[in-house]
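Chemist: What follows is each chain in one-letter form.
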Amino acid sequence: MPSGLRLMVVKEVKDLLRDPKILVGMIIFPALLLPLMGAAINVATSSTIEKASGNLTVYVVDDDKGPFSEALLSYFIANNVEVKTLLGPPQESAKGLGGGDVLIYIPQGASGNLTSGSRTGMLMFVNFKSFSLVEFIVSGRIDSILSVFEGELVKRTISEGMPGRDAGEVLDPITVEYESIVKGEAFPLSPAVLQSTVKMQTMMGPIVIMLVLILAMQIAATSIAIEKEAKTLETLLTVPVSRLSILFGKLAGSVSVALLATVANVLAFTYYIGAVLGTAGIGAGDLGEAAAKLAPAPEGYLILGLSIFGALISALAIALTLGTLAQDVRGAQSIIGVAILPVFLPAVFLMIGDISTLPSAFQAALYLIPFTYPALASQALFTGDYGMSLFGLAYMALFTLGMLYIAARIFSTERIMTARITLKARRME
Amino acid sequence: MPPVVVLKDLVKEYSKRRAVDGVSLEIGEGEIFGLIGPNGAGKTTTLRMIATIIKPTSGEVVVCGRDAVREASAVRKLISYLPEEAGAYPNLSGKEYLKFMASFYYEREEDAATAVEEGERISGLGDRLKERSSAYSKGMKRRLQLARALMVKPKLAILDEPTSGLDVTHAFHLRRIIKEYAERHGITVLLSSHNMLEVQNLCDRVAFMNEGRVVEIGPPGGLMAKYGVATLEEAFMKVVGFA
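Chains Y and P supply the protein sequences, listed in that same order. Residue numbers for the first sequence, in this note's numbering: 1 to 429. Residue numbers for the second sequence, in this note's numbering: 1 to 243.
No lab work stands behind these hints: they were computed from the structure. Treat the hints with care, since some could be wrong.
Unchecked claim - Derived lysine-lysine pairs resembling DSS-like cross-links, with alpha carbons at most 30 Å apart:
| # | chain 1 | residue 1 | chain 2 | residue 2 |
| --- | --- | --- | --- | --- |
| 1 | Y | Lys21 | P | Lys130 |
| 2 | P | Lys99 | Y | Lys14 |
| 3 | Y | Lys14 | P | Lys138 |
Unchecked claim - Per label pair, the in silico range of CB-to-CB distance:
| # | chain 1 | residue 1 | chain 2 | residue 2 | range |
| --- | --- | --- | --- | --- | --- |
| 4 | P | Gly186 | Y | Ala397 | 24 to 32 Å |
| 5 | Y | Lys231 | P | Val229 | 49 to 57 Å |
| 6 | Y | Ser412 | P | Gly241 | 38 to 46 Å |
| 7 | P | Ala74 | Y | Met417 | 54 to 62 Å |
| 8 | P | Lys179 | Y | Val263 | 52 to 60 Å |
| 9 | P | Val229 | Y | Ile406 | 50 to 58 Å |
| 10 | Y | Val263 | P | Tyr14 | 40 to 48 Å |
| 11 | Y | Leu32 | P | Arg108 | 43 to 51 Å |
| 12 | P | Arg108 | Y | Ala397 | 35 to 43 Å |
| 13 | Y | Ser412 | P | Glu107 | 19 to 27 Å |
| 14 | Y | Gly387 | P | Glu107 | 43 to 51 Å |
The structure presented is a predicted model; accordingly, all values stated were derived computationally and were not measured. Beta carbons: idealized from backbone N, C-alpha and C, even for Gly.
Next up, chain Y with everything else stripped away, as it sits in the complex (with noise of 0.2 Å):
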């Protein structure tokens, strides 16, 4: 490396992490917040469910008295819930209870209408009072009983009435096994487990390929407008150093940095959705032989690396191209505010939808943006169709090549110093 484009990439990567604006907003507090909120997440979400999973109690206003509020209450009782009887008016009772307690109400003659082959009400209230998850999910456990007593009541009237028949294949006579194609090979499995495993994976690509590009940008545009703001780019612009040293050591120095920042907001990102998922039960355990078929191969890691580092280059060009216009740090964080708006455009649309599903006009426009490429590649980790993904690659280092040779132009210029653009709403502050 020549002996200018190496001092200025030490002094770069030297200035950016000693800058506190940097070192702390951009590395420590992700760093620290993102697994603070999932160990938060975490032990609220455990707390709430261990407490909705304890012991159950029902109570229950019962003006049937006959064979079928009985069995319902023993079917309670057999299924660890306690069961309180009530007098009296049952909304009155209700209204008495604390926050999430279920009363249920069964009427006179609820018995008879069902031994006549009418059907029954019963009222279920729910006591809500902070309308927290312990409160929802308590209900829809007691829901959830009467849903098994009723299938078990209705399996026993066909088995009386049906003699010989057997009550589930009644019930359910046609059976659906799934049979995904993965990668063409075909496996058992539905489609909805292969989705909620899947589509996390390929959301979660390019929210952190998001996250990479937006924070490279910022500190690259952010490098020039330093420079201009703390007087010291006039002096650099004199020195033994060539123009292009000036920008390449800027552009090392952020993506060093921005490298440094990714692999902390990665982890910490990471260690969120671990706790976060891990909490709610989902993983990939259900995929059994499919998850072997849908782990990315080597060959797609590598176009996934290529093309973030392709987008990570063309967003610095941009950034830098942008920074040297901008008067000062505030001016080029503005700038950047309105720059970042294609890195998001694509990572939305490509955590939502299939391009290939959009208006032709949609699409040409993601293709035309560098950013959309890497999020393309990390859904072709599972799908295996690299096509656009290789495409993409030559376009980002043809892109790359055309900003650079803008910023270049810039820097070897005395635009450098006198450029300068500045946006509307910065005049109204």
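Let chain Y serve as the given structure and place chain P on it in line with the hints.
Modeler: For chain P alone, coordinates are given in the frame of chain Y:
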């Protein structure tokens, strides 16, 4: 002895405004040369063209026989420029800053280290050089910048308002350093200033600039005698027609 700086019909235009309008002058080796003039006279623009930051619209800038436009890289090895509002990197210490800047001028680490030692001596900041420059006062920052500009012993030191905004003590210290350093090392100094008294005491020759043009040039004593006045300030006012 060939001149260190030659300016020939130097013109700089911004949009429709002519900031520098046909400046021609020569500065000899070892000279301390002052550019004097009001705000907007074209002093800083002239210095920036010599320092290779901006290009002339027309005319010629030659430093030690090198064209400042076509051979800008070669000129940058010969000069050292102190802008009016120069700053240091706030997250680097004063010493780290001197080291960083010296490294561009010397390939051998030993030579750069010698320059840094010289810079430390010129700055007179002592142990404060270990602190980040964000903690420095304006006077300390200016001393650091002057040390940075002189430590590499340039053929030509271009100093834009070197004592601007400084109190009497700091300004006196800086002027003394400039004078001593130029004499001891034979460095040519081109400086601009609003402070006529400073220029009168410091410079061998001065050029009065007004509205982008050099309107008078000569030794301070000679100019005062020519216009029959006691100070350079009065001579300037007579030349530009305000007295």
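Chemist: Output the indices of the hints that this structure fails to meet, ascending.
Modeler: 4, 5 and 7
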